[in-house]
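Number of protein chains: 2
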Amino acid sequence: MDTAELVELGRQLRVDSIRAAAAAGSGHPTSSMSAADLMAVLLARHLRYDFDRPDHPGNDRFVLSKGHASPLLYSAYKAADALGDEELLTFRTLGSRLEGHPTPQQLPWVETATGSLGQGLPIGVGIALAGKRLDHADYRVWVLCGDGEMAEGSVWEAAEHAGHERLDNLVAIVDVNRLGQRGPTRHGHDLGAYARRFAAFGWHTVEVDGHDVDAVDRAFAEAAATDGRPTAVVARTLKGSGVAEAEDREGLHGKPLPHPDAAVAELGGVRDLRVRVQEPPAARSLHAVGDGVLELPRWERGDEAATRDAYGRALAALGTARGDVVALDGEVGDSTRTELFAKEHPGRYFECYIAEQQMVAEAAGFAVRGWVPYASTFAAFLTRAHDFVRMAAVSGCGITLNGSHAGVSIGQDGPSQMGLEDLAMMRAVHGSTVLYPCDANQTARLVAAAADLDGIRYLRTSRGSGPVLYGPDEEFPVGGSKVLRSSGRDRVTVVAAGVTVPEALRAADALAEEGTGVRVIDLYSVKPVDRGTLRQAAEETGALLTVEDHREEGGLGDAVLDAFLDGRPVPRLVRLAVRTMPGSATPAEQLRAAGIDAESIAASARLLAVQAAVP
Amino acid sequence: MDTAELVELGRQLRVDSIRAAAAAGSGHPTSSMSAADLMAVLLARHLRYDFDRPDHPGNDRFVLSKGHASPLLYSAYKAADALGDEELLTFRTLGSRLEGHPTPQQLPWVETATGSLGQGLPIGVGIALAGKRLDHADYRVWVLCGDGEMAEGSVWEAAEHAGHERLDNLVAIVDVNRLGQRGPTRHGHDLGAYARRFAAFGWHTVEVDGHDVDAVDRAFAEAAATDGRPTAVVARTLKGSGVAEAEDREGLHGKPLPHPDAAVAELGGVRDLRVRVQEPPAARSLHAVGDGVLELPRWERGDEAATRDAYGRALAALGTARGDVVALDGEVGDSTRTELFAKEHPGRYFECYIAEQQMVAEAAGFAVRGWVPYASTFAAFLTRAHDFVRMAAVSGCGITLNGSHAGVSIGQDGPSQMGLEDLAMMRAVHGSTVLYPCDANQTARLVAAAADLDGIRYLRTSRGSGPVLYGPDEEFPVGGSKVLRSSGRDRVTVVAAGVTVPEALRAADALAEEGTGVRVIDLYSVKPVDRGTLRQAAEETGALLTVEDHREEGGLGDAVLDAFLDGRPVPRLVRLAVRTMPGSATPAEQLRAAGIDAESIAASARLLAVQAAVP
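Chains as they are written, first to last, in numbering that gives the first Met the number 0: chain A, 0 to 614; chain B, 0 to 614.
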C-alpha cells in the first residue's frame with residue numbers, strides 16, 4: 000500500500016469503528032480513531048501474520064493494551080478479511096464474538112484479554128521473552144498502549160523487565176491522544192515525558208506524529224531494526240481524529256459519536272479496502288512436550304519436611320519429565336524453593352525480581368505461547384497481582400501460582416508476610432483450582448497434577464516442616480479429600496488442610512483417648528471440594544468443625560459450604576480461623592494465639608460432641 | 000554531633016541491630032547495617048521529631064519502606080531514647096512491640112506498617128501530599144527504600160505522582176546495597192540506573208557514598224534545600240557493612256550474623272550513645288473536623304437512581320458537613336461520580352490518574368495524618384490495590400474504598416470491567432466493613448456512616464439506575480438488614496443485596512400471587528452480617544436462598560454462613576451467583592444469563608418451597 004492507500008485505510012478503520020459503536024449504542028470510537036493511522040500502517044506494512052493460522056509459530060503478536068479501543072481492532076480484522084461487515088455490526092451484543100473488550104476466548108487472533116489498563120505491555124513482555132528464550136522464534140510483539148495507562152506502575156515494571164532482558168523483538172506503540180476518560184492526562188501531548196521515562200529504563204525511543212503515515216512507517220521500521228533494546232514509538236495523536244465534532248474534544252470518551260452518519264460522511268463514507276497482511280516467516284513450535292518419565296521425589300511416612308521444599312523438588316522433577324514446564328519467581332526462590340528448578344533447568348527459569356504483577360503477566364505471556372508456567376512468591380504477595388490473576392482467568396490462561404509462607408504459622412516475621420487472604424482471593428477467581436497440601440508427598444503429587452488442569456491453579460505451601468502423613472504412592476485426585484481418622488462412633492468431623500491437619504490429628508487422638516470419636520478430613524482440594532465425603536461425614540457425625548490458617552472469610556470454612564448447597568439440610572458448622580491481627584511469635588505460639596492449634600480444636604470438638612449428645 | 004560521633008552512632012546502630020537479631024534468632028541485621036550510616040546522619044542531623052509527642056503536627060515523618068530492616072529502626076529509637084536496651088532485645092518475641100516488620104499498631108513513632116516491599120514510598124507520597132495540600136505544614140517526609148524494591152511498579156507509580164505534584168517535602172533515600180534476598184539485584188551498584196529513572200520522573204537526584212557520613216549529610220541538606228521537586232538520595236552501601244564475614248556477601252539475607260559476639264567486638268563493642276533529635280517547628284493541626292450539619296441528598300420512593308450517583312452526591316454533602324473528609328479517584332470520577340465532590344471541594348479532591356495502588360497508598364497516607372479518605376474506582380480495579388488494602392489493615396488505617404460498576408449488571412463492557420471478586424477480597428480483609436446498598440437513600444446513609452467506622456470500609460455501588468425502595472429518613476445501621484417482604488406463612492427467605500434486591504422483590508411478589516410466601520431480606524451490611532435476622536428467617540421459613548451479582552465464592556452467600564456458625568443446626572441453603580464468564584450484553588440479559596434475575600430467583604424459590612412442603 001502506498002501513502003494514499005494507507006491514509007484511506009486509516010479512514011476506513013475510523014469509519015468502521017464509528018459504525019460499530021453506533022450500532023452497539025456504546026463503546027469507544029474516539030479512542031479507536033486516535034490510533035487508526037498507527038494501526039493502518041502496522042497492518043499493511045509491518046505485521047507478519049497469517050489470519051488463517053493464528054497458531055502459526057512464526058506469527059508476529061499484536062496486543063491491544065488499550066482494550067477499550069476494541070472497535071479499531073475489530074475494524075482491522077475486517078480489513079484483513081478475517082471477519083465480515085455484518086459481524087462487525089454485532090459489536091457488544093449478546094452472543095457476539097466482538098465483546099466490549101477483546102478476549103481470546105472469543106477470537107483466535109486475540110493473544111490476551113485486555114480492558115484492565117496497564118496489563119497489555121507486561122503480558123507482551125512475557126510473549127516477547129518467550130520468543131527470545133523459549134520459542135527461539137523471530138516473531139515480533141507489537142503492543143498498542145494508551146497514554147492514560149502509562150500512570151500504572153505495572154507499565155514501568157514491565158519496561159524495567161524488558162529493558163533488562165534487552166527484548167529487541169518488542170515494540171510498544173504509545174497512542175498519546177492527550178485525553179483520558181474524564182479529561183486530560185498528566186502529560187498531555189508532551190511526548191518527551193514518555194520518551195524520557197522509557198529511555199531511562201533502557202529502551203530505544205522514537206517520537207512521531209501518529210497521523211503522518213509515512214513517519215509512522217519509518218518509526219516502525221526503525222523499531223524493527225533496533226538491536227539489543229526494546230523500542231517505544233511515542234506517537235502524537237488526536238482523540239476522535241478526522242471528525243471535527245469529536246477531534247481532540249473532552250467529554251466524548253466511551254460514547255458513540257453524537258452524529259455517526261455525518262461523521263462517516265465527513266470521513267468520505269464507507270469503504271471496503273482489504274489489506275494483504277505479510278506472511279510470517281517459516282517457524283516451528285519448539286516446546287517439546289515432555290515425554291520423559293516423571294520421577295517425583297519421595298518421602299517416607301514419619302519423615303519431616305516442609306511443603307515448600309516438596310514444591311521445589313517436585314517442580315524440578317516435573318521440569319525434567321516435561322520440556323514445556325517453566326518456572327518464575329519474585330526474587331524469593333530460596334524461600335519458595337524454585338531455586339531447585341533453577342539449578343536443574345536454568346534455561347526455563349525466569350527471575351522476575353520483586354515484581355509480582357510482571358511475574359504473573361509473564362506467566363500469562365508464556366501460557367499464551369503454549370508453555371506451562373509455575374509462578375511462585377509468598378502467598379501474601381500474590382495479592383499484589385490480583386488484577387492480573389483475574390484477567391488471566393478472563394483470558395482462560397493455564398497458569399499455576401504457588402503461594403508459599405501461608406498463614407500465621409510462618410512465625411516471627413509478622414502479618415505483612417503472612418498469606419491470610421489468599422484462599423479467598425484464589426477461590427473467587429473464575430474456573431480456578433485451589434490446592435492446599437499438608438505433607439510432602441501430597442505436595443509433589445499436586446504439583447504434577449496442576450500442569451494438566453485448565454485455568455488458574457493455586458498451590459498453597461507452608462514454611463515450616465511437618466510430618467509426612469502419606470506414603471509416596473498415595474494418590475490425591477483434584478476434587479478429592481482424605482479421611483484420616485474415622486470410627487463407627489464419630490460425633491464430630493474436623494475438616495483441616497495444610498498446617499492444621501497435624502493439629503487436627505493430635506486433637507482427634509486426644510479425644511479418642513477420652514472416648515470421643517472424631518473424624519478428620521484432609522481437604523487438600525479446597526476448590527473443587529469433595530462434596531460426597533463432606534456430606535457423608537456430616538450425616539454420620541452431625542457436625543463439622545473447620546480449622547484453617549487463614550482469615551475466617553472466603554477460605555476453607557466457606558469452601559466447605561459448597562458441599563451443602565443442594566437444598567438439603569446442612570449440618571451444624573463451626574469454624575476456627577485467624578480472627579485477630581497476629582504479631583511476631585514462634586509458629587507454635589501463633590497457632591495457639593489464633594486458636595487453630597490442637598488444643599483449640601480439641602476444645603471445640605469436645606463442645607460439639609457434647610451438644611450432639613443433647614437431644 | 001560531629002563526624003566522628005556520627006561514625007560512632009552508625010556503629011552503634013549496627014551493633015544494636017546485630018544484637019537484636021541475635022537475641023531473636025531471626026531478622027535482618029545485614030539489611031540494617033547497610034543503612035546504618037544513612038540512619039545515623041538522618042537522626043542526628045536532619046530529622047525534626049519529638050519522640051515524646053509523635054502526634055506533634057510539625058514532626059517530620061519517617062517511613063521505613065524496607066520494613067525488614069526493623070532492627071535498624073528499633074536501634075534508632077533506642078538511640079533517640081524512645082525505648083530501652085531491654086526492650087530492644089525483646090525483638091520478634093510474643094507480646095513485644097518490636098515486631099519483625101514495624102507496625103503503628105504497636106509503636107507510636109511508626110507512620111505505617113511496612114514489610115510488603117514497594118509500599119513505603121507510595122504511602123510517603125500520600126503523607127507528603129497531605130503536608131502540602133491538607134495540613135499546610137512544613138514537615139518533611141523521609142522514606143528509606145531498599146534497592147530490591149525498586150523493581151516494584153508501585154515505586155514508579157509513586158515517583159510519577161510525586162514528580163507531578165512537585166513534592167519538595169519528600170526525600171527518598173535508596174539504600175543501594177546491591178544484594179536482594181536470593182542474590183544480586185538487577186542493577187547492582189549502578190547508582191546511575193536508579194538516578195536516571197527518578198530523574199525521568201521529574202525528581203532531583205543525588206548520588207552518594209552511603210558510608211561517608213559527611214557526604215550523606217551534604218546530600219540530605221541538598222535534598223532539604225531543593226525546591227519544586229522531590230529528591231532521591233541514591234546511596235552506594237554494602238550489605239552487612241562493618242563486619243568482614245558479612246560485608247557485601249551473598250547468602251546472609253534475613254539471618255542473624257553467624258558470629259554476633261565477634262561482630263559486635265569487630266565494631267568496637269556495645270555503646271550507649273544518645274542522640275538529641277531536633278525539635279520540630281511549631282505547627283498546628285488543621286483538619287477542622289466538620290461541625291457543619293450533614294444534609295444528605297434525598298430521593299422519594301418510586302424515583303429511579305443509580306447508587307453510584309447517590310454515592311457522589313452524598314460524598315459531596317458529607318464533605319460540606321465535615322472538613323476532614325477527602326476524596327480520591329483513579330481517573331474515573333465521571334463514572335464513580337466523585338466528580339460531584341471535586342466540583343464542590345476541589346481543595347480536598349485528589350486525582351490519582353489510572354494508578355490504583357498509589358490511590359490506596361495515598362488514602363493510607365492521608366489517614367495517617369488524621370484525614371478521612373474516600374477512594375473510588377471501578378470495583379474490578381480495586382483488585383489492583385489488594386496488597387495495599389491488606390497492608391492498610393495491618394496499619395489499622397481508616398479508609399473508605401468505593402468500588403463502582405460492580406457485577407455483570409454493568410452490561411456491555413464485559414468481564415474486564417466487572418467487579419465480581421470484590422466482596423471476597425474485601426470480606427477477607429481483617430477488621431473490614433463491607434456495605435452493598437441497593438438504593439439511593441440507603442447509599443447516602445451508608446456513605447455517611449462509613450466515615451466513623453474503624454479500619455477498611457468497602458462500599459460497593461452499581462452502574463445502572465434502580466428503584467428507590469426506602470424513604471429518605473430510613474436508617475441503616477451497620478450490621479443490620481431490612482426485611483422487605485414478610486408474611487406469617489413464608490416458606491423460603493431470599494437474601495439479596497444491591498442490584499439483586501429489586502429482582503428478589505419481583506420474584507417474591509410473583510410467588511405471593513401464586514400463594515407462596517417468600518421473605519426478602521436486603522442484606523446491605525455484608526460484613527458484619529445481621530445474624531439475628533438471618534437466624535430468625537431461617538427458623539421461620541426453613542430455607543435461605545442467597546442471590547448476588549458476584550462470584551459464588553466469598554461473597555454474599557458465604558457471608559450468610561457467618562450467621563449460622565454457633566453450633567446450632569443450619570437451615571437449608573441455596574446460592575445463586577455468577578458462575579460463568581460473562582460476555583457483552585445488556586444489563587437485563589446479563590442478569591438473566593447469570594441466573595440471578597427475578598425469574599431465576601422465582602424458579603429456585605418455588606423449588607425450595609415445594610421441598611419444604613415434603614416432610
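Worth double-checking, as some hints may not be accurate.
Said to hold, decoys possible - Below, simulated DMTMM-like cross-link-like pairs (lysine to aspartate or glutamate); rule was C-alpha separation at most 25 angstroms, straight line: (1) K254(B) with D308(A); (2) K342(B) with E588(A); (3) K481(A) with E206(A); (4) K254(A) with E338(B); (5) K342(A) with D247(B); (6) K131(A) with E343(A); (7) K254(A) with D333(B); (8) K254(B) with D54(A); (9) K131(A) with E86(A); (10) K254(B) with E588(A); (11) K131(A) with E249(A); (12) K481(A) with E598(A); (13) K254(B) with E350(A); (14) K254(A) with D308(B); (15) K254(A) with E303(B); (16) K254(A) with D189(B); (17) K254(B) with E538(A).
Unchecked claim - Examples of chain A residues toward chain B, derived with CB under 10 angstroms: (18) P259; (19) A261; (20) Q277; (21) G487; (22) E552; (23) G566.
Honestly, the hints are just simulated from the structure, not real lab data.
Quantities reported herein were computed from a predicted structural model and do not represent experimental measurements.
A virtual CB, placed ideally from N, CA and C, is assigned to each residue, including glycine.
Evaluation of the provided hints:
1. For a cut-off of 25 angstroms, the pair hint linking K254(B) to D308(A) stands: about 19 angstroms separates their Cα positions.
2. Distance hint between K342(B) and E588(A) is unfulfilled; the C-alpha atoms sit about 52 angstroms from each other, more than 25 angstroms.
3. Straight-line distance between C-alpha atoms of K481(A) and E206(A) comes to about 61 angstroms, which puts the hinted pair past the 25 angstroms bound.
4. Pair hint K254(A) plus E338(B) holds up; C-alpha atoms about 18 angstroms apart against a cutoff of 25 angstroms.
5. Distance check on the hinted pair: K342(A) and D247(B) sit about 23 angstroms apart at the alpha-carbon level, within 25 angstroms; holds.
6. Between K131(A) and E343(A) the alpha-carbon distance is near 20 angstroms, which keeps this suggested pair within the 25 angstroms criterion.
7. With a C-alpha separation of about 13 angstroms, the suggested pair K254(A) and D333(B) falls inside the 25 angstroms cut-off, and the hint holds.
8. Between K254(B) and D54(A) the alpha-carbon distance is near 49 angstroms, which puts this suggested pair outside the 25 angstroms criterion.
9. Distance check on the hinted pair: K131(A) and E86(A) sit about 36 angstroms apart at the alpha-carbon level, beyond 25 angstroms; violated.
10. With a C-alpha separation of about 21 angstroms, the suggested pair K254(B) and E588(A) falls inside the 25 angstroms cut-off, and the hint holds.
11. Between K131(A) and E249(A) the CA atoms are separated by roughly 41 angstroms; this puts the pair beyond 25 angstroms, and the hint is violated.
12. Using a Cα cut-off of 25 angstroms, the hinted pair K481(A) and E598(A) holds, with the two alpha carbons roughly 22 angstroms apart.
13. The suggested pairing of K254(B) with E350(A) holds, with an alpha-carbon distance near 22 angstroms, which does not exceed 25 angstroms.
14. A distance of roughly 19 angstroms separates the Cα atoms of K254(A) and D308(B); the hinted pair therefore holds under the 25 angstroms criterion.
15. This hinted pair checks out: K254(A) and E303(B) have alpha carbons roughly 22 angstroms apart, not beyond 25 angstroms.
16. Of the supplied pair hints, the one linking K254(A) and D189(B) is violated, its CA atoms being roughly 47 angstroms apart against a limit of 25 angstroms.
17. For a cut-off of 25 angstroms, the pair hint linking K254(B) to E538(A) is broken: about 50 angstroms separates their Cα positions.
18. Because the beta carbon of P259(A) sits about 17 angstroms from the nearest beta carbon in chain B, more than 10 angstroms, this interface hint is broken.
19. Hint status for A261(A): violated, given a least beta-carbon distance of 24 angstroms to chain B, over 10 angstroms.
20. The criterion of a C-beta within 10 angstroms of any C-beta in chain B is not met by Q277(A), whose closest approach is roughly 30 angstroms, and the hint is violated.
21. This hint is violated: G487(A) has a C-beta 23 angstroms from the nearest C-beta of chain B, more than the 10 angstroms allowed.
22. Restraint check, E552(A) versus chain B: the minimum CB separation of about 4 angstroms is within 10 angstroms; hint holds.
23. Because the closest C-beta pair between G566(A) and chain B is about 5 angstroms apart, less than 10 angstroms, the hint holds.
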